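Visitor: Generate coordinates for the entire structure from the input sequences, incorporating the hints supplied.
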Amino acid sequence: MTEKPTVTWSAADGVATITLDNPPLNTFGKEAMYELRTCLEEVAADEAVRAVIIVGTGDRFFSAGQDVSVLPEATEPGKGRALAQMSEDLLQRLDEMSKPTICALNGTALGVGCLMAIACDIRIAARNAKLGVPESKLGVFPGGGGTQRLPRVIGEARALEMLYTGNSIDADEAYRIGLVSHLVPIGEALSAAQELAIQIARQSVVVTRSIKEAVHAARDNTSSEGAALEVDMIERVFGSHDAQEGLRAFLEKRKPQFQHR
1 MTEKPTVTWS AADGVATITL DNPPLNTFGK EAMYELRTCL EEVAADEAVR
51 AVIIVGTGDR FFSAGQDVSV LPEATEPGKG RALAQMSEDL LQRLDEMSKP
101 TICALNGTAL GVGCLMAIAC DIRIAARNAK LGVPESKLGV FPGGGGTQRL
151 PRVIGEARAL EMLYTGNSID ADEAYRIGLV SHLVPIGEAL SAAQELAIQI
201 ARQSVVVTRS IKEAVHAARD NTSSEGAALE VDMIERVFGS HDAQEGLRAF
251 LEKRKPQFQH R
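By our numbering, the letter at position 37 of the sequence shown is numbered 37, and the numbering carries on one by one without gaps.
Think of the hints as simulated: they come from the structure by calculation, not from any bench.
Take the hints with a grain of salt, since some may be wrong.
Unchecked claim - With a cut-off of at most 25 Å between alpha-carbon atoms, the simulated SDA-like pairs for lysine to any residue come out as follows:
no., residue 1, residue 2
1, Lys212, Ala44
2, Lys137, Val68
3, Lys79, Arg37
4, Lys79, Tyr34
None of these values were measured; they are calculated from a predicted model.
Guide: This is the structure we're talking about:
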């Protein structure tokens, strides 16, 4: 008998929702990582999808991270690198997705769960959520892009404190330092994410894709390189059908009907 997948996705109104469904902790073993990769590939390839949400089941945990039963294997020669590469590749795929991504933190996110949230563009947290990267408490290096992405989001000093100590922070502190963008009541993270995702999905894909590309490029660009890229993007977008439609709609005082081209 085939086991029920622990990571699935569905779509409506231009929004794909990827669900982590491995209660009670929504942890990740190897199979779940393969399932998530498949979901990301399918969502990226679906032209009807214009925004993406990732959420966990239940109200306690978004994801408690890696299934600890996998970790002893990582101490065997050669296997630690393979496991680390799998996590790095998966979260890099999420980070580089051209479609806007929103993490609905329905509960606590630890380890890979927290790093998955950080790899998304926007994070919305229920007030009971906690976020942390506890690997250092186990004598394990915090991979999954945590040492790279977390400092970009909250600054180097705060990121180093979280990574050194392995301590978690609550939702209020996460909001205060900019790790999450919105705080919502318990049980409302997904609905808040859906509302925002639908709003984004109504925009022109030509614009949202170009915005994400430019913002990500700023990680490596000088200010002059960034300015040159913006000029290129402006020229590209002004040449699109959607730019013409948007300007016409503004002048005619109506809502634009974007065709995403």
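Visitor: For every hint, state whether the structure bears it out.
Guide: Hint check results:
For the given pair, Lys212 sits about 14 Å from Ala44 by alpha-carbon distance, which is consistent with the 25 Å threshold. Restraint check for Lys137 and Val68: satisfied, since their Cα atoms lie roughly 13 Å apart, inside the 25 Å limit. Restraint check for Lys79 and Arg37: satisfied, since their Cα atoms lie roughly 20 Å apart, inside the 25 Å limit. Between Lys79 and Tyr34, the direct Cα distance comes to roughly 17 Å. Compliance with the 25 Å bound is thereby established for this hinted pair.
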